[in-house]
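Chemist: Position 49 of the sequence shown, counted from 1, bears residue number 89 in this note's numbering, the numbering being contiguous throughout.
If you are wondering where the hints come from, they were derived from the structure by calculation, not from laboratory data. Keep in mind that a hint or two might mislead.
[Claimed, not checked] Ranges of calculated distance between the beta carbons of each label pair, as one might list FRET restraints:
no., residue 1, residue 2, range
1, Val69, Lys44, 34 to 40 Å
2, Thr42, Glu77, 28 to 34 Å
3, Ala43, Tyr66, 46 to 52 Å
4, Arg70, Lys50, 47 to 53 Å
5, Ala49, Lys81, 45 to 51 Å
6, Lys44, Lys74, 31 to 37 Å
7, Tyr58, Lys81, 45 to 51 Å
8, Gln75, Glu45, 32 to 38 Å
9, Tyr55, Glu77, 29 to 35 Å
10, Ala43, Glu77, 28 to 34 Å
11, Lys74, Thr42, 45 to 51 Å
12, Val69, Ala49, 27 to 33 Å
Built from N, CA and C at the ideal position, the CB exists for glycine as well.
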Amino acid sequence: MTAKEEFIAKAEVIYSIYRDCQLAFYLTVRDMKKQQESMLKEFNSTGDTWTIDDLDKKTFHYAVKEEEVDG
Numbered sequence: 041m042t043a044k045e046e047f048i049a050k051a052e053v054i055y056s057i058y059r060d061c062q063l064a065f066y067l068t069v070r071d072m073k074k075q076q077e078s079m080l081k082e083f084n085s086t087g088d089t090w091t092i093d094d095l096d097k098k099t100f101h102y103a104v105k106e107e108e109v110d111g
């Protein structure tokens, strides 16, 4: 194998790793967005109107409420 062929083989491996990571990141972000949307639907069904910006602030308080109800 020549140096050029070896370089190309290594570049292909690196690119395939990059592509796999990019796909995994995309899928993670997409799933997170779906989870946020479903949480907002659930939260908004309680009569409150929450936005994505409010979600991070109120999630902790919601989790505490759930824990108190379950306990």
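Chemist: Does each hint fit the structure? Answer for all of them.
Modeler: Here is how each hint holds up against the structure:
Checked against the hint of 34 to 40 Å, the C-beta distance between Val69 and Lys44 comes to roughly 37 Å, which is consistent with it. As the Cβ distance of Thr42 to Glu77 is approximately 52 Å, the hint placing it in 28 to 34 Å is violated. In this structure, Ala43 and Tyr66 break the distance hint of 46 to 52 Å, their C-beta atoms being roughly 34 Å apart. Between Arg70 and Lys50 the beta carbons are some 31 Å apart, a value that contradicts the proposed interval 47 to 53 Å.
A C-beta distance of roughly 49 Å is found between Ala49 and Lys81, which places it inside the suggested range of 45 to 51 Å. Look at Lys44 against Lys74: about 45 Å separates their beta carbons, and that is not inside 31 to 37 Å. Separation of Tyr58 from Lys81 is about 35 Å and departs from the stated range, judged on CB atoms against 45 to 51 Å. Between Gln75 and Glu45 the beta carbon distance is about 45 Å. The supplied range of 32 to 38 Å is therefore violated.
Hint check: Tyr55 to Glu77, Cβ distance near 33 Å, so the stated range 29 to 35 Å holds. A C-beta distance of roughly 51 Å is found between Ala43 and Glu77, which places it outside the suggested range of 28 to 34 Å. A C-beta distance of roughly 48 Å is found between Lys74 and Thr42, which places it inside the suggested range of 45 to 51 Å. Taking the beta carbon of each, Val69 and Ala49 are about 31 Å apart, inside 27 to 33 Å as hinted.
When the structure is compared with the earlier hints, violations turn up for hints 2, 3, 4, 6, 7, 8, 10 and for no others.
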